[in-house]
Amino acid sequence: MSQQPLASSVQPTDIYGGDEVAAIVLDPGYCHTRAGFAGEEMPKQVIPSFYGQIGERELFGDEYINPRANFEVKNYMNRDSVVEDWDAAANLWEWMLVERLQPPRPLPPSKNGLNIGDDGDVVMDEDGNPSAPPAEGAEEGAEEYEKPLYENPLLMTEAPWNSAKAREKAIEVVMETWSCPAFWLSKTPVLSAFAAGKATALVLDVGGANTSVTAIHDGMVLKRSVQRSHVGGLWLSGQIRTMLDGSEPKVDIVPTFMVENKKPVEAGQPAEARLRKFDFPISNSFRAYEEERVLTEFKESVVEVWRSPGRLLTPGNEDYARSQPGRVFEFPDGYNQMWREQRYKVAEGMWDENAAYGANNADESSRLSKSQTIPGLIKAALDGVDVDVRPNLLANVVVTGSTSLLNGFNDRLNLELGALYPGMKIKIHAAGLTSERRFGAWIGGSILGSLGTFHQMWISRTEYQENGAGIVEKRCK
Amino acid sequence: MTSRDVHDVLNIPSDHSGAPRPSKKGKNHGPRPNLKGLAREVQNLGGDNPIAIVPEVNFFKKRRFASRKPATKWELKPFSNSARGDNGNLILRHWKRKTEDGAPAEASQDSEAQPAEGGTGATEKKVEVLEDSAFAKFNVQVAVPQYNEDQYHSNLQSDDWTKEETDYLLELAKDFDLRWPLIWDRYDFIPKSSAEETANGTSTAVVPAGKSRTMEDLKARYYQVAAKMMAVQKPAQYMTRPEFELYEMMQNFDAEQERKRKQFALNTMSRSKDEAREEESLLLEVKRILARTERFNEERRELYRRLDYPNSDADISPFKSSAGLQTLLQQLMTTDKAKKRKSIMGPGEGTSPASAVPPSAVSETNPVNNRRESIAASSVAPNRRDSDIHTPVTPAEPTPTTATNTKKKGAAPPERRKLTQQEEQVYGVSYHDRLGSGPTFRYEKINKLYSHKSGQQQLRITNALAELDIAARLVMPTAQVTSQFEVLWGAVTGLVDLRKISDRLDGEIKVEEAKKAERDKARGIVNGDKEKAEKKGEQQNGEGGEKDKAAAPQNGDAPAAASVEKNTAGETAQDAPAVAAPDQAKETEVKAEEGEEEKRPGSSGGTGALKRSASVLSTASDKSAKRQKK
Numbered sequence: 001m002s003q004q005p006l007a008s009s010v011q012p013t014d015i016y017g018g019d020e021v022a023a024i025v026l027d028p029g030y031c032h033t034r035a036g037f038a039g040e041e042m043p044k045q046v047i048p049s050f051y052g053q054i055g056e057r058e059l060f061g062d063e064y065i066n067p068r069a070n071f072e073v074k075n076y077m078n079r080d081s082v083v084e085d086w087d088a089a090a091n092l093w094e095w096m097l098v099e100r101l102q103p104p105r106p107l108p109p110s111k112n113g114l115n116i117g118d119d120g121d122v123v124m125d126e127d128g129n130p131s132a133p134p135a136e137g138a139e140e141g142a143e144e145y146e147k148p149l150y151e152n153p154l155l156m157t158e159a160p161w162n163s164a165k166a167r168e169k170a171i172e173v174v175m176e177t178w179s180c181p182a183f184w185l186s187k188t189p190v191l192s193a194f195a196a197g198k199a200t201a202l203v204l205d206v207g208g209a210n211t212s213v214t215a216i217h218d219g220m221v222l223k224r225s226v227q228r229s230h231v232g233g234l235w236l237s238g239q240i241r242t243m244l245d246g247s248e249p250k251v252d253i254v255p256t257f258m259v260e261n262k263k264p265v266e267a268g269q270p271a272e273a274r275l276r277k278f279d280f281p282i283s284n285s286f287r288a289y290e291e292e293r294v295l296t297e298f299k300e301s302v303v304e305v306w307r308s309p310g311r312l313l314t315p316g317n318e319d320y321a322r323s324q325p326g327r328v329f330e331f332p333d334g335y336n337q338m339w340r341e342q343r344y345k346v347a348e349g350m351w352d353e354n355a356a357y358g359a360n361n362a363d364e365s366s367r368l369s370k371s372q373t374i375p376g377l378i379k380a381a382l383d384g385v386d387v388d389v390r391p392n393l394l395a396n397v398v399v400t401g402s403t404s405l406l407n408g409f410n411d412r413l414n415l416e417l418g419a420l421y422p423g424m425k426i427k428i429h430a431a432g433l434t435s436e437r438r439f440g441a442w443i444g445g446s447i448l449g450s451l452g453t454f455h456q457m458w459i460s461r462t463e464y465q466e467n468g469a470g471i472v473e474k475r476c477k
Numbered sequence: 001m002t003s004r005d006v007h008d009v010l011n012i013p014s015d016h017s018g019a020p021r022p023s024k025k026g027k028n029h030g031p032r033p034n035l036k037g038l039a040r041e042v043q044n045l046g047g048d049n050p051i052a053i054v055p056e057v058n059f060f061k062k063r064r065f066a067s068r069k070p071a072t073k074w075e076l077k078p079f080s081n082s083a084r085g086d087n088g089n090l091i092l093r094h095w096k097r098k099t100e101d102g103a104p105a106e107a108s109q110d111s112e113a114q115p116a117e118g119g120t121g122a123t124e125k126k127v128e129v130l131e132d133s134a135f136a137k138f139n140v141q142v143a144v145p146q147y148n149e150d151q152y153h154s155n156l157q158s159d160d161w162t163k164e165e166t167d168y169l170l171e172l173a174k175d176f177d178l179r180w181p182l183i184w185d186r187y188d189f190i191p192k193s194s195a196e197e198t199a200n201g202t203s204t205a206v207v208p209a210g211k212s213r214t215m216e217d218l219k220a221r222y223y224q225v226a227a228k229m230m231a232v233q234k235p236a237q238y239m240t241r242p243e244f245e246l247y248e249m250m251q252n253f254d255a256e257q258e259r260k261r262k263q264f265a266l267n268t269m270s271r272s273k274d275e276a277r278e279e280e281s282l283l284l285e286v287k288r289i290l291a292r293t294e295r296f297n298e299e300r301r302e303l304y305r306r307l308d309y310p311n312s313d314a315d316i317s318p319f320k321s322s323a324g325l326q327t328l329l330q331q332l333m334t335t336d337k338a339k340k341r342k343s344i345m346g347p348g349e350g351t352s353p354a355s356a357v358p359p360s361a362v363s364e365t366n367p368v369n370n371r372r373e374s375i376a377a378s379s380v381a382p383n384r385r386d387s388d389i390h391t392p393v394t395p396a397e398p399t400p401t402t403a404t405n406t407k408k409k410g411a412a413p414p415e416r417r418k419l420t421q422q423e424e425q426v427y428g429v430s431y432h433d434r435l436g437s438g439p440t441f442r443y444e445k446i447n448k449l450y451s452h453k454s455g456q457q458q459l460r461i462t463n464a465l466a467e468l469d470i471a472a473r474l475v476m477p478t479a480q481v482t483s484q485f486e487v488l489w490g491a492v493t494g495l496v497d498l499r500k501i502s503d504r505l506d507g508e509i510k511v512e513e514a515k516k517a518e519r520d521k522a523r524g525i526v527n528g529d530k531e532k533a534e535k536k537g538e539q540q541n542g543e544g545g546e547k548d549k550a551a552a553p554q555n556g557d558a559p560a561a562a563s564v565e566k567n568t569a570g571e572t573a574q575d576a577p578a579v580a581a582p583d584q585a586k587e588t589e590v591k592a593e594e595g596e597e598e599k600r601p602g603s604s605g606g607t608g609a610l611k612r613s614a615s616v617l618s619t620a621s622d623k624s625a626k627r628q629k630k
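Protein sequence lines, in the order shown, are assigned to chains A and B.
All residue numbers for the first sequence refer to the UniProt record's numbering, where the first residue is 1 and numbers rise by one.
All residue numbers for the second sequence refer to the UniProt record's numbering, where the first residue is 1 and numbers rise by one.
Here chain B stands alone, though its shape is the one from the complex (with noise of 0.2 Å):
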């Protein structure tokens, strides 16, 4: 009888549950066990719904512990902590597994003996045998620094501590192990002598409460104490290198700084809400661009490795046979394989240079023509497989990195430190022009200055200076001297050009009015007459310049005007070209004119420019008149 059966006598249609669920029926059959007899019979009954069945357990769970032996007895022992310092005067009871006698589990103390129920009342012999807490070794204690009276007052005086505040500071260290924040929050201390006179009494007095001292101050002394402590127990110099670092900490400690640091971290914490998100943000910004930059220096440092430029004067003996050619091309095989390269570039362009060269280079079976071509070739390749090839080449060398390659090559030499001016003069750096090769006098850079001088020049020059009592010639030329007869020798240079640009205007200026002269003449103006009258004053004028500047240095005695010219070395010798120049430019002006004027004969704007070249040069003359002043 099956489950249809049951089905069709209840008049059940049984497809409703078959149908729907094709592979759930499919899944209930795969696990069915085979089953016999009555058993099956009775697993048909429940049809494509298997019964479940709860097997019958008849044994007990197992027992949890396989060992029989005999439970481990505890006991209620006595034990006291040495860490207390009380000489085992506390005795607490705890539960511990009670030892077989004589066994060496636990320690022998308290095997020996079976301590009474000792409660408080114990006596000095069962201290002895007394067990010690396991806890008592975590006892440590901080070491402060200890001092006598004495070494008080000849290393500890301070005018802000008196030696009372400094004890109760070093007693509270003791007792807060020095956290200091436990330290500065106790800390309150009332001298005695006024707590005293209060006591005594007038009620009107006022409490002086201690000084309200802030970490920063508690920390300073505390280290100063420290630290001086330390040096008198053991002067610095015997001191081991971490003594000598706490040492130089404890000296070192800054309050101010500390202060500084706090009053940051204050107004850190209290920041508005969108100070802290900007801030945030720019955190996040500044992390961003340098992760940027780390990256580009990354690459930037890959593409100098590939530009890297190989040498190609290794020795290539080794490859002139074919066979070496052989041992190359393996060679190459194997660090191409075993490396993995880190490129930027894509993989096809990355391999494409590996796969190229090696083979071009190695497939020649005549290679005596070829290569140097090749050789040739891959040394001016600027690719950086070839600067792999070259560095296995060398065969004593079978480490190939190119790692060690860039790091010669990127370690640029270090940058000369830029010296400031006092250590220049210190260590007596200077800096001069290029020197020819050969020994050379420095007179003759002064003789060169004169090479490109005329020879009337020359000539006025060294008038100028024999004018000054100064040799053309140094009789001691040392690099200060020679540098200060350039500068005077410039001072005098200008000069003598200015008086050469001087008397040609003069001689221009003659002439000109010579011709105006005559033209005059021919004409018979009347009213020309008034105006030459006022240009000959302004031109006798310019002239008196222009002569008592030239007179200036032979009406002054030598040595004045030489120290005159040494205060404004620099200034003249910035000021003559300078001056020159302009006065250059006005000549050109004036001359053009003057063409002007020579095209346009009569004409009254041929006075006018005139006039004006004339006051120009009236200013040249002011400003050069100026100078001498100076």
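Looking at chain A on its own, in the form it has when it is part of the complex (with noise of 0.2 Å):
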């Protein structure tokens, strides 16, 4: 027989020390935004953060992603993980967190028309409602209860070198738009290390759009030590880019919606496939939206990371991969190939800036400096931090981000930094699981947000009104 669980009533209550108060976690990242309510393992909402627009309307969520007449696909954050465009993030954070994160709301009583006689069943119903508005403050607590997360305190992630107007334009919005409780901004890093259950650790966030190497010393951002690079997912997908321009034949990327229908060819044959004809102009941001998908399945299931020792630059290390059975991918026009030395040669660069393709260029904006590569960055990192916590800090290394996913990527960076600090106690932690990884910052919020200790911290609504934007500043730092 197996063990009953514990009565409700024996069960500990605060033995984990968490006390829920339904608090949402809102992550934005520059490939997707993430929110849900802190105290849950997984995002109950992911979207891209890129938004359809046609003429002044905004469609969010992927399913609105569709070819479509003057279609444009936009972002509201830049390459920095810097949100950029507020009306838009306003507008999308709003569709997630209202639209899809909350129950419909019943509409107020003078609306929802069962009021249109103005019998007196109607009013003692009304005064039975227990989520009607409290009786006494009824005029502000009226408009406070417009609003949509008049409940909810709100938690926000940002990015470590989040610009001082950036976080305070994000108070604003929350606080003036839906009126939250609480606020409180905390930076990626920070969350991330939280989930791996450290409160110091060296963060090395390999995100979509940057990679970043973070030094967390007891839960707090050390500011020296902040490095990033745009060596992450779209520029690995810029790498094989390049890579498919220059193999020979020359692959085209035809992302899915082109494709009508296809045959199966040989591999390294020109495809066979029927395209789809539009009879509207298809932008180019969508174009390059939709071929990004496909590069990130190219990604997810061909590019690898050299990991055997020495880099792949080392004499015979290549021809080495090239005798190694490779993978094939077919693209979804129907053209394969197997992918032998090239899917290492991709994701070199990240370590070495000499493998990366386009170093040999003569422009030296477009090439690789050491210092960008992930070696580079942890050990600027490093040296931006005291002596005294180098130690600590590299044996808890944090790996999240999902480009961090790339096959044997630990085995490297295991490798590169026993190189880089050989005698040192190195111990990665990354997650196993494909979705903590994804979200390492958003689960490092949901644990923060629904710990107990952490409701002293919130920027309450009050103070907000007292202090200004500004509040921000002084207390998330």
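One or more hints might be untrue.
Have a look at the derived ranges for each label pair, beta carbon to beta carbon [claimed, not checked]:
hint, chain 1, residue 1, chain 2, residue 2, range
1, B, 87, A, 86, 30 to 38 Å
2, A, 63, B, 95, 30 to 38 Å
3, B, 87, A, 474, 13 to 21 Å
4, B, 87, A, 307, 30 to 38 Å
5, A, 44, B, 212, 40 to 48 Å
Derived by calculation from the structure, the hints in this document are not laboratory data.
The beta carbon of each residue, even a glycine, is placed where N, CA and C say it ideally should be.
Since each chain comes alone in its own frame, lean on the hints to assemble the complex.
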């Protein structure tokens, strides 16, 4: 007989230090925006930060990004993961938090159609309704009640290099448009470290638009350690594009929506597919977005990080990679090919600036520098912190971000760190679950937002009203 | 009908299933239940592989909760957090188990009222009855030293730090709860005045960034401030022990040392792989060596314990009777059993003396004669066993632990601390020769010196001393005076000895010359004259030297000479015997050559030898002349 769970009367209530107040956690990133309730293990809502625009109309969510006339795909963030278009951001967030996360709310009694006739029954009904606004502060209460998130504190994340202006704008949006009772702004690496169960950690976040390395000490970002470069998922896509362009024969990326039907072809043979015809022009932004999807699939299934001793450029290693069994990838139009050493080569630039495509460019700006590679970032980050905390940081390396899900990433990281800091104890903590790696910052926020001891930190609505938006700089350090 | 029948009907050879796996068959037979009637028939159809029959379950799963109590009710309750310090302005809501009215389970404050759905528009009344968060008590803040303007000016002035910057540092320390890596990371002080200047504006003005401070600077300043304020609030002598320790620690913070330590740490981090490996192996080696020495020491201690000499003068009166011996045996047996001996000897070796000695000591029925012997033997035998025997012998002490024994023996008297020269002076410590029993006078020591000398020498020495105006017997023989006198005396005797030697050599040379003159006369060789003249010149030189030396003390006035003697006391004391020794050696050489000469008279080699000896003499006299000059 299986063990019965503890009766609810004996169950400990505060053993985990949790105290759930229905806080909402919002984690905006360049590729995806995640939102959900604190205390849950996965975000309820994950939608692309890209949104569609037709004229003035904005369309949010994956399911609305379809080929349409006059359809542009935009992103409310810039490549630094800092919000750029605040109107769109506020709209997108509101769509997520209100439309998607909240239950459909009853219309106020005056509008719900039941009160057409003024008979007494309806009035009584209103009195008995527990979710009705309190009777005494009716006027202001009613006003608050109109606002969508009046009872959910909101925990938002930001990049460690976020500007003070953007932070103030964030609290303004949250407090003014949704009237949240409380707000907090937390930095993504801190939350990723929390998700890994660490208060002190060196967080390596390999995301879509950026790769960043940040040292966290006792739950706070060490500002001098923050290092970032653009070597992330999008950069990797760029490498793959260069590789496809340069391969023989040249491979064109035809996104899935263009293909009406296709026939199977031999490996390396030109594709035989009938493409769909649209009677309106497809915008470049939409096509780029769709191509990015194909490339994401390519990254997921083909790309691998070179993880044998030595780098890929070490003589002999590339030939060895060539001799290993490759992987076949079929593009949406049916073209397929076996990828062998190329699949290592595209990711090698993350580690070795000389191995990246375009390393021999004459143009300085497009070339990677050593400090932009992951070992370079880590070294620079550690150089920016006190020598006493470095061993502790190296023993708590947290890896997060979806690009870190590349095959062999952690092995390579371990090798590189071992070569960089011989004789130090290095321990890499990377969540095994794909989703935990993808949503690391959100999960950390979920943990933080449901902690009993955290509730003393919230910036309350009253405090915001008294001190203005500047309070976020003072409080969220 | 059995399975065999079925097999028969279907023409299947039955043995292929049964024969090859007899062991399995046997296994299957065991647990087969005794079935009856139709059930058995059905079971038999399966033959050796019994048919799995799944029993039909015709009742539902048991209810999980035995109690039929109604489900507990939960309610959404607002709460505030007193740790926020905003008078409960923020009211959040969480789910709490609903308590019965008046139930004592929850705190009385929230059972008292059913707070209406508050939301954000809370009034004062509600705040009073609101539940406080259970986590508010975890809010702990660090205490940062406080000071006012006056205190700062009287105690905390610093050339390097302005008051503004110090304030800023303390603020940061409070904000970050004294987490120094964070404080250092966020430290970004911009002096106010300069900030104003730049605001006013000439665009050319360089923005003077605040001094970049290292973490050690920050710590040093903070600890300095904290220690001073601590002392201001409570003078050091009134502090409790932990307070004082903290105070001491903060006062003794050495930024320089910290900096060096960090430099070392940095160097350790930037080691190459090989260096790291080498260091690791070295550390291992050290560990192994340490372990080995520990074991070695342990073994040695064990050995010493075994070699422990038993003292045989314990009281043996209780064992003079056979009954006493019997009890001794009993005691030995019990201690032997009780004791778990740690020994490095093999088990056979370790136990053999235990089994051998006591029976031999006890088995004697008539112990009167043999007792002596056995005790004597045991006292002689350097056996650990015996030391064990002898300790329990004293009846008052029933705990015969060798441990205490070894402790006493093992703890050698602490080595006497070596004093430095300065300390010796401070404490007035001096070392002397072994003194005889009874009182002695210091001047007797000097008298002793005379006793070894012949009468003539004694006379000479006293003469020399008299020339220096020093009484042969010291008037005030303090330790220093006697030691100085000894030095002087040594010098005088050295001189006297040298004079004696020179006198003798003079005499010998004269004799030889006389002999030679006679020989020359006898042979009448002409060219001998030349040599003679030469030799005589040398001889006179040598004599002159000797005379000078002898005359020196007479010529110089006494105190000056004495002071010279004192200054060069050490040197002369050393020189005198050193010079004397080669002189003597040469003397013997000269004698030997003389002997040769006597054997071969008339040879030209004889004159050469003589010449040489003369030159030797002259060098010796030169030396003594030099010493005199000094």
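Outcome of the hint check:
Checked against the hint of 30 to 38 Å, the C-beta distance between residue 87 (chain B) and residue 86 (chain A) comes to roughly 33 Å, which is consistent with it. The hint said 30 to 38 Å for the Cβ distance between residue 63 (chain A) and residue 95 (chain B), and at roughly 34 Å that hint holds. For the hinted restraint 13 to 21 Å between residue 87 (chain B) and residue 474 (chain A), the CB-CB distance of approximately 19 Å keeps it satisfied. One distance hint, 30 to 38 Å for the beta-carbon pair residue 87 (chain B) and residue 307 (chain A), is violated here, with the actual separation near 58 Å.
Taking 40 to 48 Å as the suggested C-beta distance range, the pair residue 44 (chain A) and residue 212 (chain B) conforms, at roughly 47 Å.
Hint check: a violation occurs at hint 4 only; the rest are consistent with the structure.
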